[in-house]
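There are 2 protein chains.
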Amino acid sequence: MWTIDADALESIAIGAGILGTGGGGNPYLGKLSARRLLRSGKRVEVVSLDEVDDDWRIVTVGGMGAPTITIEKISRGTETYEAMRALESYIGRKVDAVIPAEIGGANSIEPMIVAAQAGIPVIDADGMGRAFPTMPMITYFIYGLSCYPCAVCDEKGNKIVYTEGVDAHWLERLSRTAAVQMGGHAGAAVAYMTGADAKRTAIRDTLSWAKRVGDSVRDARFRREDPLDAVLESTGGTVLFCGKIAGVDRRTVDGWARGSVTIEGTDDYAGSTMDVAFQNENLVAWVDGSVVTTVPDLICIVNRDDGEPVTTEMLRYGYRIFVVGIPCSPMLRTPEALEVVGPPAFGYDLPFVPLEVVR
Amino acid sequence: MWTIDADALESIAIGAGILGTGGGGNPYLGKLSARRLLRSGKRVEVVSLDEVDDDWRIVTVGGMGAPTITIEKISRGTETYEAMRALESYIGRKVDAVIPAEIGGANSIEPMIVAAQAGIPVIDADGMGRAFPTMPMITYFIYGLSCYPCAVCDEKGNKIVYTEGVDAHWLERLSRTAAVQMGGHAGAAVAYMTGADAKRTAIRDTLSWAKRVGDSVRDARFRREDPLDAVLESTGGTVLFCGKIAGVDRRTVDGWARGSVTIEGTDDYAGSTMDVAFQNENLVAWVDGSVVTTVPDLICIVNRDDGEPVTTEMLRYGYRIFVVGIPCSPMLRTPEALEVVGPPAFGYDLPFVPLEVVR
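The listed protein sequences derive, respectively, from chains A and B.
In terms of numbering that gives the first Met the number 0, the first sequence opens at residue 0 and continues consecutively.
In terms of numbering that gives the first Met the number 0, the second sequence opens at residue 0 and continues consecutively.
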């Protein structure tokens, strides 16, 4: 067990922003909310899966919507907490801990905020080992847990409980349209599970991984070293491209930020062009028309200057960035996972070729 | 208390179709479902508000969506019943009776079906004394009852409970988009109330009114008399127009059938043209450009030949019809009701002038 302080928060915001592959919501705003909470004297305790009792009751909490919305529509700060309370009230018992759905920007920090508000720990694990845009892509559901019941709340006081349903795709469809009506962003609580369930279906130690990545970036800044090396070393990734953002095509549609970014190469990549397609998260990267990385492997765009993650909603012309590819968790590379998170699941008629094999 | 048999059902389908002012869902399909249920030996008992105990627990049930959908997407027949069960399960107790939300086509018959399925009575009253397209227009909510919780279910097994929220407008917005995602039509249970609540906020004796209107039309058919006279006499309405449908502009948008119908005058109305605008239900009628009737008064389009209601989704070129105006319930003419159901609530910058005053 470890406790999150302002320093750890700073690192997690950076690390989760990078590992979020563009999505998960703006990490800066998430950090500000959490910092305010820490200043008010609240504590956030992180427990590893090994410290979780098999019969704990756990729920995953986070924001849902388009990251482009979150930088315009400031949240009330209690939506996700209220969603958890609505779920608890529907189930008829309190939960013992929360677990993130994804490692990515605000959605790594949101569970900490809810944990602090409720006075329960957050578990050092998640359901993606990165971020993804839809509910069925969470390992809890890929590996057989039910996504019902699910609660969705907004800042206005609307509360919805999806009590039963066909599957996670239907839950995604119905809850996403609700989030759009709620103003493009809402708090959600889902994946009510036991400690034993979490041990079987979660991806381990990802909060501490995010912290390590952030620590290493901050250390490089302090030493005035290249943040690229720090990111490569702490993530086990490989550099895919370096360059300058030459164009962004981004629309907020159906509750997601969809589009692509074009990057003109510099340094070793001068003369080449990278294109990255995204749906909240970066999905496929091409260099001069050839695929170099696809989901579920991580495609992370990072500011060359200071190692800050450049999330989907922050992409803009002129940024000097580097792009790092990181092999995803083995739990996302099984046949049952690839059916849900592989390139065809996002509409790309491409095979998944592991990053290590392409290079 | 009276029991609905196949004969009463036949009359209610006609009467509720006429009083539904174009909406409420296709009465023919509703009738077929109810008839099948009656044939299977189920009974539907109707109790008047005077027979309702003050501490009964009551819920209103019906279909929501665009009537144009209901004639294409055949319902499973248990959606609305499942919605009631989901609501009961959320509340933690069974209800003693159901009450219609509106008198209108399928939505007058749907509560009978649910009542028969659940073995409870249906109350001879409703929340509109006609049909309207949105949830806030129900007298239960206009006169202060809460619209939360509300359950919405589809034929696929998706179940949603709206547990808390801002108001009936927000409930309408969120549940309507869910119904659209569910395929354009869903079953709903809402307005959990006591018997005392129902006595205060419901419009009385509207099921038996619908039956009386239907009886009178069927009687006219039998006697080969003009169904127009039968409708006028049994509804207390006045004839607004007679003619032939010359054009229909109808789109299914946002979960409603919206548009207008143009009618060329015949008989005493030869040379004149009537236009009627609708959103599921008929909203405003103009003759040669002058307003003759507006919501909340009833604008009912009826087949000249046999007295069958011509609901919004059945409007088509060439039908010979008459249009009857009927004064709405006094409960819809109070200032608080007119704010929600008057012409401006539907986007028309028109005052509400009671039908009796216009003529």
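Keep in mind that the hints are not guaranteed to be accurate.
Unchecked claim - Which chain B residues stay away from chain A? Per the calculated CB distances, all over 12 Å, these:
{"no.": "1", "residue": "G91"}
{"no.": "2", "residue": "I159"}
{"no.": "3", "residue": "V357"}
To be verified - Calculated from the model, a selection of chain B residues having no Cβ within reach of chain A, i.e. all distances over 12 Å:
{"no.": "4", "residue": "G40"}
{"no.": "5", "residue": "P135"}
{"no.": "6", "residue": "R217"}
{"no.": "7", "residue": "Y268"}
{"no.": "8", "residue": "V339"}
Unchecked claim - Derived DEER-like restraints, expressed as beta-carbon distance ranges:
{"no.": "9", "chain 1": "B", "residue 1": "T2", "chain 2": "A", "residue 2": "R92", "range": "52 to 62 Å"}
{"no.": "10", "chain 1": "A", "residue 1": "R250", "chain 2": "B", "residue 2": "D248", "range": "28 to 38 Å"}
{"no.": "11", "chain 1": "B", "residue 1": "K93", "chain 2": "A", "residue 2": "I90", "range": "17 to 27 Å"}
{"no.": "12", "chain 1": "A", "residue 1": "D53", "chain 2": "B", "residue 2": "T77", "range": "32 to 42 Å"}
{"no.": "13", "chain 1": "A", "residue 1": "K198", "chain 2": "B", "residue 2": "D166", "range": "38 to 48 Å"}
{"no.": "14", "chain 1": "A", "residue 1": "I90", "chain 2": "B", "residue 2": "K41", "range": "48 to 58 Å"}
{"no.": "15", "chain 1": "B", "residue 1": "P343", "chain 2": "A", "residue 2": "K198", "range": "15 to 25 Å"}
{"no.": "16", "chain 1": "A", "residue 1": "K155", "chain 2": "B", "residue 2": "V290", "range": "32 to 42 Å"}
{"no.": "17", "chain 1": "B", "residue 1": "D228", "chain 2": "A", "residue 2": "I90", "range": "56 to 66 Å"}
{"no.": "18", "chain 1": "B", "residue 1": "G76", "chain 2": "A", "residue 2": "R92", "range": "29 to 39 Å"}
{"no.": "19", "chain 1": "A", "residue 1": "S289", "chain 2": "B", "residue 2": "Y347", "range": "22 to 32 Å"}
Keep in mind the hints are simulated off the structure, nothing from the lab.
Being a predicted model, the structure only gives us computed values, none of them experimental.
We treat Cβ as the ideally placed atom computed from N, Cα and C, and that holds for glycine.
Hint check results:
| no. | hint | in the structure |
| --- | --- | --- |
| 1 | G91 | violated, 10 Å |
| 2 | I159 | violated, 5 Å |
| 3 | V357 | holds, 38 Å |
| 4 | G40 | holds, 29 Å |
| 5 | P135 | holds, 15 Å |
| 6 | R217 | holds, 42 Å |
| 7 | Y268 | holds, 44 Å |
| 8 | V339 | holds, 19 Å |
| 9 | B/T2 x A/R92: 52 to 62 Å | violated, 44 Å |
| 10 | A/R250 x B/D248: 28 to 38 Å | holds, 31 Å |
| 11 | B/K93 x A/I90: 17 to 27 Å | holds, 21 Å |
| 12 | A/D53 x B/T77: 32 to 42 Å | holds, 38 Å |
| 13 | A/K198 x B/D166: 38 to 48 Å | holds, 43 Å |
| 14 | A/I90 x B/K41: 48 to 58 Å | violated, 34 Å |
| 15 | B/P343 x A/K198: 15 to 25 Å | violated, 59 Å |
| 16 | A/K155 x B/V290: 32 to 42 Å | holds, 36 Å |
| 17 | B/D228 x A/I90: 56 to 66 Å | holds, 60 Å |
| 18 | B/G76 x A/R92: 29 to 39 Å | holds, 35 Å |
| 19 | A/S289 x B/Y347: 22 to 32 Å | violated, 59 Å |
Violation of the numbered hints given earlier is confined to hints 1, 2, 9, 14, 15 and 19; the remaining hints are satisfied by the structure.
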